[in-house]
Structure formats: structure tokens, C-alpha cells
Amino acid sequence: MDSTGDAAAEPLLEVRGLSKIFGTLKACDSIDLEIRRGEIHALLGENGAGKSTLVKMLFGALEPTAGTIRWKGQEVAIRSPGEARRLGIGMVFQHFSLFDALTAAENIILSLDDPAPVSAVAARARELSRAYGLPLDPQAHVGDLSVGERQRIEIIRCLLQDPELIILDEPTSVLTPQEADKLFDTLETLRSEGRSILYISHRLEEVKRLCDRATVLRGGRVVGHSDPRRETAASLARMMVGGDVPVVVRDKPAATREALLEVRGLNRKAGHPFAVSLSEIELTVHAGEILGVAGVAGNGQGELFEAISGEALQESADTVRICGHAAGRHDITGRRLMGAAFVPEERLGHAAAPFMTLTQNLLLSRYRTDARAFLGRLGIIRNAVVASAAKRVSTAMDVRKGSEDPEATALSGGNLQKFVIGRELDRQPRVLVVNQPTWGVDAGAAARIRQALVDLAKGGSAVLVISQDLDELFEICDAIAVMHGGRLSTPVPIAEATYEKIGLLMGGARPEATSGLPLEETV
Amino acid sequence: MRIELVKRPQRSALFSMLSPFIALGLTLVAGAALFLALGKNPGEALYYYFVDPLHETWSLHELAVKAAPLILIAVGLSVCFRSNNWNIGAEGQFIIGAMAGSILPVMFPDFQSWVVLPLMLLLGVAGGAAYASIPAVLKARFNTSEILTSLMLVYVAQLFLDWMVRGPWRNPAGFNFPETRTFHAFATLPEIWPASGRAHWGFIFALLAALVLWFVMTRTLKGFEIRLLGQSPRAGRFAGFSREKMVLFSFLVSGGLAGLAGICEVSGAIGQLRPIISPGYGFTAIIIAFLGRLNPLGIVAAGLVLALTYLGGEAAQISVGLSDKVARVFQGMILFFVLACDTLIHYRIRLVAEPAVRGEGARADV
Chain A
944 MDSTGDAAAE
954 PLLEVRGLSK
964 IFGTLKACDS
974 IDLEIRRGEI
984 HALLGENGAG
994 KSTLVKMLFG
1004 ALEPTAGTIR
1014 WKGQEVAIRS
1024 PGEARRLGIG
1034 MVFQHFSLFD
1044 ALTAAENIIL
1054 SLDDPAPVSA
1064 VAARARELSR
1074 AYGLPLDPQA
1084 HVGDLSVGER
1094 QRIEIIRCLL
1104 QDPELIILDE
1114 PTSVLTPQEA
1124 DKLFDTLETL
1134 RSEGRSILYI
1144 SHRLEEVKRL
1154 CDRATVLRGG
1164 RVVGHSDPRR
1174 ETAASLARMM
1184 VGGDVPVVVR
1194 DKPAATREAL
1204 LEVRGLNRKA
1214 GHPFAVSLSE
1224 IELTVHAGEI
1234 LGVAGVAGNG
1244 QGELFEAISG
1254 EALQESADTV
1264 RICGHAAGRH
1274 DITGRRLMGA
1284 AFVPEERLGH
1294 AAAPFMTLTQ
1304 NLLLSRYRTD
1314 ARAFLGRLGI
1324 IRNAVVASAA
1334 KRVSTAMDVR
1344 KGSEDPEATA
1354 LSGGNLQKFV
1364 IGRELDRQPR
1374 VLVVNQPTWG
1384 VDAGAAARIR
1394 QALVDLAKGG
1404 SAVLVISQDL
1414 DELFEICDAI
1424 AVMHGGRLST
1434 PVPIAEATYE
1444 KIGLLMGGAR
1454 PEATSGLPLE
1464 ETV
Chain B
158 MRIELVKRPQ
168 RSALFSMLSP
178 FIALGLTLVA
188 GAALFLALGK
198 NPGEALYYYF
208 VDPLHETWSL
218 HELAVKAAPL
228 ILIAVGLSVC
238 FRSNNWNIGA
248 EGQFIIGAMA
258 GSILPVMFPD
268 FQSWVVLPLM
278 LLLGVAGGAA
288 YASIPAVLKA
298 RFNTSEILTS
308 LMLVYVAQLF
318 LDWMVRGPWR
328 NPAGFNFPET
338 RTFHAFATLP
348 EIWPASGRAH
358 WGFIFALLAA
368 LVLWFVMTRT
378 LKGFEIRLLG
388 QSPRAGRFAG
398 FSREKMVLFS
408 FLVSGGLAGL
418 AGICEVSGAI
428 GQLRPIISPG
438 YGFTAIIIAF
448 LGRLNPLGIV
458 AAGLVLALTY
468 LGGEAAQISV
478 GLSDKVARVF
488 QGMILFFVLA
498 CDTLIHYRIR
508 LVAEPAVRGE
518 GARADV
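Chains as they are written, first to last, in this note's numbering: chain A, 944 to 1466; chain B, 158 to 523.
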């Protein structure tokens, strides 16, 4: 009996001094981590703290530079994901690796080490989906499934290997609050069976609610182990960031009722088989107002952005109006000249050209609106003027960079995002449309960006924020509308909005049903 | 021991500059090995190939004659390639430009005036640009691969020229030789320095084109647009630039310059149309564009080097008895080595001692 007692007490996974060095960068610096049987262990940290690198080493996708990994007391070298799976480590990635054109069952078979007939796999998948409360039709084509359903395929695919440790990378970032609740139930079932879960997240509230222990990383080092239930979200955030996170200050501006951005009856056909078509989108943003567009990824937010920015034109000029001008037939340059500014979701390759300097990237969106200052005769670029404007933007937004005028790709995600947002704010646009303003940005930079958006609205501009981050929308918006399946709900004023109500809309509840009666009572 | 390529955090400015020189050095080494294999003395062969043609004034003129069309075409192509449009058909645009420019002296030989030459040059530009607009419109409208269409149109142009000089445009007083009448004095591009050699004004045009395009590419909004759309089409669309217009623009510029090269070649160097008026200038210019880093000034230097391979090929044929095809081999090797050396701009080479072989074959399923 002694030996079994020992086995229960000894950790399932024990990591000592694990390091990974890329060139001169210490991505992970002698990390210690211990995961016990039957616990949900949170791995907390900002972007770039080393979470992904650590997890990749545990899953055999990266080779550690130094350190040891002990699995059930035995020292192991995990050289490949296949080997990790054989040991009993499963992983659900943040970005799914599924083929749209295949069915759920076919996708699962592709990941199996030993091939099996479709019917057997489908039956087993059905069994698991019932046992763990993960509703799924194995015959459905992945292309037709929602993001939440796709995640379930990934989880079932992982469970088929009967893992003892499951690694989940930011699992709720793509889910509605209700879907996240269901996922938590599943995870608690798994824990009650004695399986361990390594849960990577930056959402502190859910970590507090779900996890037994937490390890916090910052700059590649472990800065603390703690019991998240005894911490507050603020104390966890301080550990993650290494200081206080600035709070967005926001006082209600005197909203004039002048409509600066209007979209009426916007329809757009899907450009390719996996794009979303837009139907009958209506929205109005007034001066001094921030309107949020919430929604699970892939419900037409990107398509909506392209339609409003003018990267895609409308049939009728009146479909989109900017500052009172009919803009539907104008391209993005024309819309900028009407006073609008745009920040797309993708920083590198859309908002900025990776191998161009910041100065050139400033010119990218402003050569026409600031033509008088930036261009001389014959279209000769006044480099000094543009460079000083780029410097002004960098200073205003506190863009940290290694050299005077680096290429966009040399900046970290957060700093580049501050630059591309600052580039537009520097113009003091009357209308700003921004998609995912703080996606993948560290907490300090995110707070700065949100503050800048709030300040712009306070100055009398209209701001449209498309975001999947509900916390962000609740923090800065005056009203939130929800995008689902290419349709936009009527905006819910922030005073009436609750996570529950917005979450239901994100899941596809009909806006008519929710707008009338208070939802808190029906749920 | 194994060799690994490690991605650099940033492009290496050093290797961006060195790469063409390393490539030229490797080409010389490989060339020496080739001559050795052919049973020639490599030192002597390389001397006749690369040094001898530079000894005398008249041969420097010949170098300029060969370099003029190469540089003119290559600077145009650099605009195309920078904007990520792949015009492989400069050879055809060169031929059509030459034919369009030859309309006046061939069909209206009695029209003799000083305006003939400027008109010929303009027609040459127009002909090349019009011919290049075919693949451009097909790409902009129907999304066809411009690589295939522009390349195939080369053969159409070559056969069209062949048919014209054997048929409708054959010199009535030419004893049935397949060539047009020789151009009259007003239709001949003058020599720069008639006393010392054959180099004609085409070379001046080439230098001017390189300077103008260098200025446009580095200093103006148009150049910014070209580079932006080439590197990052989506960011270019976000900036408000049109991909379709850029396809047309870049093909018209490169086609027009190839056409100008064509008419300069026939009115300056040859003096009439023949079934074959180009030893592959349009294709060699692709190599030059890359060897010159797609930079118009770099292209002037690269154009002179590649012109030397043509002259050296002839010299080596006479002095050492090598086949003139060796010139093509050299050009091919240069392109091959340049592209290979460009890897060093983004990657560095690391030698890794092979770790001791581990027991299981666990690596196989990564």
C-alpha cells in the first residue's frame, strides 16, 4: 500500500530548471512547475511571458535547452508530440488544426496514430461526447460548424488518446460566456476522474473560479505560485504585469446627437466558400459615442470592417454615410478624406507592411489625407516631415523600439498596435473604425490603447470598436451590438447590457426576443 | 556534422550588398571548373572571357552596344518585379517594339526628315507597351498567370517577325534574303562618339531610364506604391492603391522600355530587321534585374557585367575555341548563384555537430 500512497502524493509532472534560449532571447529561464494528479493548474502570463514556449516543450514540439522533465517520477525526454501522446499528454491548441472540407470524424481519424474505420471512431466520439457533455455530430462537415463546436472536436480528439494530462491553450478566447460555462463543467468532470489539466489563460476571473493552483510567468521566469481562489483578480494581474495595471478613465462626454457613421441595409455576398455573407446591417455611431460590436470570431466581423472601410464597395452610395457624406461608392482613400480612419485586425500585412519602416508605414494610410504636408511636387515624398510625424506618433503612444526607425516586423505586437492606432489618432479623425484593438497586446499597452479610444470619443469623434473581448467592450463602450452569422443585433445600451444578455446574442439568440423582456429572469 | 539554416531576426544589410559579389565569385570558380573539364586552361580561358574584351576602346564601345538593350529592359522589369508582377515576355515586347518602330523606314522609305527618328522611338515604345498590355489586361481582368501568357507571347512575336521579314517586309532589292531594306540616314540612331566606335544613343537612353526610375522608386509616392503593392498586397489595398492599375502600369513601363530597347537595337546597331534581332536580351535582362538587386543603379552595373559575358563568349570562341553556348551557361550560373546567395540575406548558416544517435526512431513522427 505504501507504494500506491507514494504514487498518489508524487506529482504527475515535475519540471525543474527548464530553459529555452532562442539566439540571445531567453524565452524560458529555468522554469519550475509541478502538476499534481486531479488538479486544474493555471498557467498565467502576458503575451511573450513564455507560456507557449513552455507548453511546446512539454508537448514535444520544442527541444529544451536545459532542465529536466519528470513524468510520474521518471525523467523523460519528450522529443515529439507523438511521444507526448504516448506518455499520456494531450493538447488542445488555441488555433485549431482542422480541415474545413472533412467531417468531424474524418478529422479525428487523421490525428490517430493507428488508423481505424470511420464508423468505429464516430461511435467512440459519440460516446465521449455524451459522457463529457460535449454535444457533437461526428458526420458534420467542419466548415459548417461554429468555433465552439470545432473546439469540441479538438477536445474529443484529445480525449480519445485517454490522456492523464490535458493542456488547454486559451480555450475560452473563442467562446461565448455560455459556451465557456459548459466547457468548465466538462473540465470539472475530467478533474473528478483524476485527470490533470494545465489551463493557460489571461482571463483572471475564470482562473479564480476554475483552477486549484496557479503558476505565474513573467519575462520567461516563474514569478510566483499561488492559490487563485485566495487571490483577487487585481492581485493576480499585478503578479502578471509586475506592477499596477492602469485603469481606463472615462467620464461621460456630452453626446451630441450628430450621426457621424451610418450604415443602412448593408448586404454583402460571401466572397469565398468559407467567408460570411452580411445581411441587412444597420448601425449608427454618433459624435462622442463608442459603439462596440461583439461576437465570436468568424461571424462576419472582418467582412463588416472591409465594407465600412471601403476595401469592399457597396452597390448604393447611401448604404454607408460618413460625416453626412454618401460613402458607399467611395474607396478607402475617399472615405479617409471624408474624415474616417481605420485600423484593421491584422497588424502585419494589413495595417502595416512588415518590411517597411515605421515612417513608410505612416505614409501608408496618410499619403492622401496629409498630402499637403507629406508630398512635394511630382509626388516627391518629404521624408523629413513624414519621419517627424512618425516620431510624434511613437512618442504620443509610447512605442518602444530598438532603433530610430525600425521595420514594422521588428516591433513587438503590442508596440506595433500602438503605432498603427496612434497613426490614425494623430489625424484626429471624426470617425474611427477599429477591429480587435488589443488582440494579443499586453495589459499595459491595451490599457493605453483603450484610453486613447475613450479620449478620442470625448473629443467628439464617433468610434466603432469590433472586438471579441467582452471585458474590453464593457469597459469602454456606450452601447454594444452583437454580430452573429452575418447579422448585427440592435445595440444594447451599456447600462442595460450584462454578460449574460450579450453572451446569448453571441450564441445566436434572436435579438427581438432579448430586447423586450429582461433576460436575467428567464435564464 | 550537419548544416542548418537559421532565420535571422532581421534582413542582413551586409549580405544584401555582398550577395551579388559572392555569386559572381562562385560563378568564376564554377566557370574555371567547367573550362578545366573541357580540357582548356582555366586561367587563359577566363582571361579571354572577362578581361580581354575590356582592353581596347572599340571593344568598350561594343560593350555599351550590348549593355544598352539589357539595361533598358532590366530597369523596366525591376518596376514589374518590385510590384510582384512577373513579366517574362520582355523578349517579345522588344521584338514588337522594334517592328512598330520600323514601320516608317520600311514601309515609307521616301519619308525622310529629322522627325522620322523621334517618331520611330515613340512607335517603338508604343509597340512594346501595347504588346505588354495583353498579359496585363488578362491578369487584371481574368486573373490569368502573367508568367505563362507573357512568355507564350514571346514565341508569337518571334514567329510574326520571321514571317514579316520573309514576306511582306522583305527588301525588294535584297536578292531574296530574309531581311528588310536597310534604314536610311534619318532613321538611324546616331553614334555617341562616331570617331572611336559603334556605341549609339541607346546607351544614353539606358542610363537616363535608370536614373529616372531610380528617382521614382526611391523618392516618390509612385515608387512607394510600387514597393508596397509588391511586398504586401493587402496593406497596399488598405492604403487605397489598386492592384489592377498597378498590373497595367508596371507592364506598360516595362513593355515600353523593352520596345524602346528594340527600336534602338535595330536602328542603332543592326540598321534593318532580320528574322532574329536579339540574342535573348529579354531573358538575360531578368538575370540582370535580380543581379542588380532590382535597383536601377545596380542594374546598370549588372547590365555591363552580363554584356561582358556576351562579348567574352565571342572572344573565347575565337581565341580558345569554346562554344558560344558557354555564354548562356555563364548567365545561367550567375542567376543560379545569385538566387542561392540571396538565402543568406534572410538566413545564416550554422554548422552543428550531429548529436549522438539516440536509441529510438522517435524523431520520425514529428
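If you're looking for bench data, these hints aren't it; they were derived computationally from the structure. Even glycine gets a Cβ: it sits at the ideal position worked out from N, Cα and C. A few of these clues could be false.
Incomplete in silico selection of chain B near chain A, CB under 7 Å [to be verified]:
hint, residue
1, 375
2, 378
3, 379
4, 389
5, 391
6, 395
7, 402
A quick look at each hint next to the structure:
{"no.": "1", "hint": "375", "result": "violated, 9 Å"}
{"no.": "2", "hint": "378", "result": "holds, 4 Å"}
{"no.": "3", "hint": "379", "result": "holds, 6 Å"}
{"no.": "4", "hint": "389", "result": "holds, 4 Å"}
{"no.": "5", "hint": "391", "result": "holds, 5 Å"}
{"no.": "6", "hint": "395", "result": "holds, 6 Å"}
{"no.": "7", "hint": "402", "result": "violated, 12 Å"}
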